[in-house]
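Engineer: Chain residues, written in single-letter form:
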Amino acid sequence: MKNQLEEQFISMLEKHKNDFYKLAYSYVKTEANALDMIGEATYNALNALPTLCESKYMKTWFYRILINTCKQFLRKNKKIVYASDLLEHIPTDMEDRDELLDLYEAVHRLAPKYREVILLKYFKQMTIDEISTVLKRNPNTIKSCLRRGIAKLQEMIGGIKNE
Amino acid sequence: MNKKLNDLNKLYEHLEVSPKLDDVLREAILQKRNRKVIYMQKTKKVLKVVGTIAASLAISVTIAANSSISFAQALYDIPGVQGFARLVTFRNYTFENETSKGSVNTPAVEFDSNTSVQDKINAIIEEKVNAVIAEQAKLDDEYKKAFLETGGKESEYRKIETTVDYKTRYSDNKLLSFEIYKYQTLASAYNENFYYSFDLETGAQLTLKDLLGDNFAQIATEKIVGEMEARMEKKPDEVYDTKFYDYKPIDENHSFYINKDGNIVVAFAKYEVAAGYMGIQEFVVGHITK
Chain A
144 MKNQLEEQFI SMLEKHKNDF YKLAYSYVKT EANALDMIGE ATYNALNALP TLCESKYMKT
204 WFYRILINTC KQFLRKNKKI VYASDLLEHI PTDMEDRDEL LDLYEAVHRL APKYREVILL
264 KYFKQMTIDE ISTVLKRNPN TIKSCLRRGI AKLQEMIGGI KNE
Chain B
28 MNKKLNDLNK LYEHLEVSPK LDDVLREAIL QKRNRKVIYM QKTKKVLKVV GTIAASLAIS
88 VTIAANSSIS FAQALYDIPG VQGFARLVTF RNYTFENETS KGSVNTPAVE FDSNTSVQDK
148 INAIIEEKVN AVIAEQAKLD DEYKKAFLET GGKESEYRKI ETTVDYKTRY SDNKLLSFEI
208 YKYQTLASAY NENFYYSFDL ETGAQLTLKD LLGDNFAQIA TEKIVGEMEA RMEKKPDEVY
268 DTKFYDYKPI DENHSFYINK DGNIVVAFAK YEVAAGYMGI QEFVVGHITK
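Protein chains in written order, with the numbering used here: chain A, 144 to 306; chain B, 28 to 317.
This is chain A alone, in the form it adopts within the complex:
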C-alpha cells in the first residue's frame, strides 16, 4: 500500500516534472536554485507521503510543498539578490523575446505577494481557482492582489516610458 502510493507519486512527478521545474524557476530565478528546490521538495514530499489522505490531490499537494520550499528559501536568503539567468534558457529566436524578458524582469521587481499571483496567473497560466487552492487563499483575495499588482506594474512600466 505504502509502496503503491510512492510509485504513484513518482509517476506523477515524472509526468509533471517540467511544470514543477518551471514553477520553481519562476520563484527562485536560477537553474541551480530551481534544481535545489525540486530536490528538497521531492525529498520532503516522499517523507510526508503517508500523511496524504487522498491521492487524487497529489499534484496540488506537491505544488504546495514546492511553493513553500521556494518561499522558505527566499525568506532565508532575503539579503541575497539572485540575478535571473532566464536569458540563457530562452531560445534566441523566440518571437518578442526582448520585450517579454523586460516584462518578466519588471514583474520580478514587484513585492512578493503581487509577483507570486501574477506569475501563477500569467506565466504559469493557472486559473484563479487553482491559485486559490494551491496557495490556500480566498479567490477574492487573489483577484484583488492581481488587480493591485497589475496597477503597480503599469505604474512602473509607464514611469519608464515617460522618462
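Note that these hints are calculated values from the structure, not bench results.
For glycine and all other residues, C-beta sits at the position ideal for the given N, C-alpha and C.
Some hints could be false.
Residues of chain A placed beyond 12 Å of chain B at every Cβ, according to the derived structure [what the hints assert, rightly or not]:
hint : residue
1    : T203
2    : K219
3    : A226
4    : R240
5    : K264
6    : Q268
7    : T284
Pairwise CB distance ranges (calculated) [said to hold, decoys possible]:
hint : chain 1 : residue 1 : chain 2 : residue 2 : range
8    : B       : V266      : A       : L148      : 54 to 60 Å
9    : B       : A150      : A       : L148      : 35 to 41 Å
10   : B       : K30       : A       : K214      : 49 to 55 Å
Starting from the structure of chain A, add chain B where the hints point.
Structural biologist: Same frame as chain A, now just chain B:
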C-alpha cells in the same frame, strides 16, 4: 496590459528545462529510500553517509549508461523495470565482538506480482546469510584460539573483518539471478560467493540442467575447456587446469549465474581450476532462451 501579461506564458513554454532535472529527482528519491532502510535498523551515523555515497556511486554508473531514459524508469532499472523482481537492502548492520567484526547487507527480493515466490526466495536468502555468519563466527573463534595458543598476545590480536553483501546479476519478469558474497581482510582464502538463480513463475531455484538441458555437463565442459585454451594462448603465463573435470566434473549443483546480457556464466572459486592469485574464474557457457 493583460494581453501582454498573457504573453508571459510564451516564456513559460519556451523556458528550457535543466538537463540535470532527472538526476536531481533520482537523487532525492534514492536519498529518501536509503534513509528509510537505515532508520529502521538504527545504524550508526557514519554508515548512513557511507550508504548514500555508495548508492550514488552505483547510480552514477547507471546514469552514464542510460542517460536518455526518464528518471523513473532509470530508477526501476537499477535492479529491474517495473514488474520485474528486484533486490533491495533489507537489513544493514555492523557487528563487533571479542573475536571479530564486520558489516552485513542482507538483501530481500521485491516481487509484487507473486508474493509467494518472493517469500520463498527471501527465506532461502535469510537462511544462507545466517548460516554464513554463524560459520564465520566459528572460524574466527578457532583462529583466535590458534593465535593465542601459538604464543600470540591478546593485545596483539587483530580482529578479522568480514563483509557480507550481495550483487544483482540479472533480473526480468521471469528470472532473477544474484550473488551473495563474503569477503575478509587477513584471510582471503575464506572468501566465498554463493550464486542463485530463480525461476520467478515457480519460485524454483534453477540449475545448469534447467537452462542447458540434459546434456549440460558436456556442453559446459567443452565451452570451459575451449575458453581456457584460448586464454592460455593469449597469456601463456596464466595456466588453467584443463582436466578439472576428471576429478570434479560439472554437476547439476555447480555454481553459475546469469549476467546482465543473459549469458549463463559458470564460476569457479579461487584455486579450483587456476592458481589462487588469478582469483575467481568465470566462463560463459551459453545464453538464456526467452
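Engineer: Run every hint past the structure and note whether it holds.
Structural biologist: Now the hints, each set against the structure:
With a cut of 12 Å on Cβ distances, T203 of chain A stays outside the contact zone with chain B, its closest approach being about 19 Å. No beta-carbon of chain B comes within 12 Å of the beta-carbon of K219 of chain A; the shortest separation is about 19 Å. A cut-off of 12 Å between C-beta atoms confirms that A226 of chain A is not in contact with chain B; the least separation is 16 Å. For R240 of chain A, the shortest C-beta to C-beta distance to chain B comes to about 9 Å, within the 12 Å cut-off, and the non-interface label is violated.
The beta carbon of K264 of chain A is not kept farther than 12 Å from every beta carbon of chain B, the shortest such distance being approximately 8 Å. Consistency note on Q268 of chain A: stated as away from chain B, yet its beta-carbon is not over 12 Å from all of that chain's, at 5 Å minimum. The Cβ of T284 of chain A lies farther than 12 Å from every Cβ of chain B, with a closest approach of about 19 Å, so its non-interface assignment holds. Restraint check, V266 of chain B to L148 of chain A: a C-beta distance of roughly 57 Å satisfies the suggested window 54 to 60 Å.
For A150 of chain B paired with L148 of chain A, a C-beta distance near 27 Å fails the hint of 35 to 41 Å. With their beta carbons about 29 Å apart, K30 of chain B and K214 of chain A fall outside the hinted range of 49 to 55 Å.
In summary, the structure is inconsistent with hints 4, 5, 6, 9 and 10 from the numbered list given earlier, while agreeing with the others.
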